[in-house]
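**Student:** Each protein sequence line maps, in turn, to chains C and A. Position in the first sequence (first residue = 1) + 37 = my numbering. Position in the second sequence (first residue = 1) + 16 = my numbering.
Hints in this document: simulated from the structure, not taken from any laboratory. Treat the hints loosely; a few may be bogus.
[Said to hold, decoys possible] Here are the computed lysine to any residue pairs in the SDA-like style, where the Cα-Cα straight-line distance is at most 25 Å:
| hint | chain 1 | residue 1 | chain 2 | residue 2 |
| --- | --- | --- | --- | --- |
| 1 | A | Lys282 | C | Met38 |
| 2 | A | Lys358 | C | Lys185 |
| 3 | C | Lys176 | A | Lys358 |
| 4 | C | Lys185 | A | Lys282 |
| 5 | C | Lys116 | A | Gly347 |
| 6 | A | Lys358 | C | Glu203 |
| 7 | A | Lys19 | C | Ser193 |
| 8 | C | Lys116 | A | Pro353 |
| 9 | A | Lys19 | C | Met52 |
| 10 | A | Lys19 | C | Gln189 |
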Amino acid sequence: MAEMIFAGFGGQGVMSMGMMVAYAGMIEEKNVSWIPSYGPEMRGGTANCAVVVTAEEIGSPIITEPDVVVAMNLPSMNKFEPMLKPGGLLIYNSSLIEREGGRDDITVIGVPANQLATELGNSRVANMIVMGALLAKTKVVGTESIKKALRQVLPSHRHDLLGINEEAIQRGAEYAK
Amino acid sequence: MAKQLMKGNEAIGEAAIQAGCRYFFGYPITPQNEVPEYMSRRLPEVGGVFLQAESEVAAINMVYGAAGAGDRVMTSSSSPGISLKQEGISYIAGSELPCLIINIIRGGPGLGGIQPAQSDYFQATKGGGHGDYHLFVFAPASVQEMVDLIMESFDIADYYRNPVMILGDGTLGQMMEPVEFKAPKKRDLPPKDWATTGCAGRERNVINSLSLVAENLEKHNHKLQEKYRHMKENEQRWELYKTDDAELVLVAYGTTARIVKSVVNKLRDQGIKAGLLRPITIFPFPEKAFALLPDTVKAFLAVEMSAGQMVEDVRLAVDGKCPVHFCGRTGGIIPAPAEIIKVATEIMGGERK
Chain C
38 MAEMIFAGFG
48 GQGVMSMGMM
58 VAYAGMIEEK
68 NVSWIPSYGP
78 EMRGGTANCA
88 VVVTAEEIGS
98 PIITEPDVVV
108 AMNLPSMNKF
118 EPMLKPGGLL
128 IYNSSLIERE
138 GGRDDITVIG
148 VPANQLATEL
158 GNSRVANMIV
168 MGALLAKTKV
178 VGTESIKKAL
188 RQVLPSHRHD
198 LLGINEEAIQ
208 RGAEYAK
Chain A
17 MAKQLMKGNE
27 AIGEAAIQAG
37 CRYFFGYPIT
47 PQNEVPEYMS
57 RRLPEVGGVF
67 LQAESEVAAI
77 NMVYGAAGAG
87 DRVMTSSSSP
97 GISLKQEGIS
107 YIAGSELPCL
117 IINIIRGGPG
127 LGGIQPAQSD
137 YFQATKGGGH
147 GDYHLFVFAP
157 ASVQEMVDLI
167 MESFDIADYY
177 RNPVMILGDG
187 TLGQMMEPVE
197 FKAPKKRDLP
207 PKDWATTGCA
217 GRERNVINSL
227 SLVAENLEKH
237 NHKLQEKYRH
247 MKENEQRWEL
257 YKTDDAELVL
267 VAYGTTARIV
277 KSVVNKLRDQ
287 GIKAGLLRPI
297 TIFPFPEKAF
307 ALLPDTVKAF
317 LAVEMSAGQM
327 VEDVRLAVDG
337 KCPVHFCGRT
347 GGIIPAPAEI
357 IKVATEIMGG
367 ERK
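So that you can see chain C by itself, here it is in the shape it has in the complex (with noise of 0.2 Å):
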């Protein structure tokens, strides 16, 4: 069982992020659900959406303990870094957030997702970056299963975009290991 809670930046790809992992546990035959925050946003405020993933029957799909926080900016940190249960996995974007984990009781990785992906060539897959840590710290899906879904939610006329995103996944793989 993992419950996930993507969260970020308007356009920073958190909402796609996430809708992959559900995907890709739906192509392994698990149980998911995929919920986005909706309500009265302000402007440049976070965007997050809640994912489970689970062999069992999935419950609430809406989250308030979560297994698993992946924070793309600041504000995003600072509101769900306190959510995460004891033992719980935050990984954090460190090219936008200067500050490190607050918590002693959870597994922190800061991974400088912005910095790696504008090495790539291409800034707009910071997101990747942090999927291919976040496939490489938990196992929740495996990451042909993800290949599998970056093709369903990057639309056809994008496929060319398929392989730079690959390499970003394994670039973040890589630097979380």
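The hints should help you fit chain A onto chain C, whose structure is shown.
**Tutor:** Structure of chain A alone, referenced to chain C:
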């Protein structure tokens, strides 16, 4: 067809189309906007009509017209929009026309908020508009169940010549889950010989809810009541979960029932013999399910995202045999497992009478 990951609101649209719905009339409102968005794209592909009306009142009257012509038609909205549609819904029920109405509930009253709620239970199950009538109401708890029930709803609507409502909430509309579209078991449906399809070579058909002679109108009411009795007799649906030895039965529907199912497991881990009764039809309310519960049951706890609406039907079904308690949140707040567990523990510890 393989499973697809779909948002609840989009799955509603696809299920309706696969069930033969070819007409959609609606007016936008959060949190169900993906339904009209999906229909506007998909209906023209299958030779259907999508029309965004100038208001909810116009939309429901277009549904009235298309249903009168014998076609499969639907509308969808959220709480304030459904309130605006009540006059038309009453006319449709009075004229005995089949159609599907989706209500993805948001918190009220008034314009309220846009977060999920279940505070339209009374409106959905007790009539809603004026006059003695009922909708047939399903309350699905997952995207897959919503799809299955919608595909069946058009048959049920045709069979009873009655509007069917799907009562969901923002969570169900916004979330993505894997779904599979499976054709439901077909009902034996009578021909729509009442529809206004052009009267060349036959007597005129009239679709109308006006009846000025009191005796005739009473006769019509008797006919409607007979139909609702028939639904109560034949169509009640529910799910029982871990009730075989239960001492506390939690009653919840829709999204709330999923949370309560996790709560039942947590209570059992604490040594409290809890079970769940989940109504799937909320009109007809599954009162038959209560008769199936064991003698071990000492109390009931209704959990809702409202100030306490379904709990009244639970009390009617329990009929004073046990105490019936209530736990609910309003305004768009989803009850957290911890607060339900606290209430359940207090009931079983004798702290709540």
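**Student:** For this structure, which hints from the list above don't hold up?
**Tutor:** 2, 3, 4, 6
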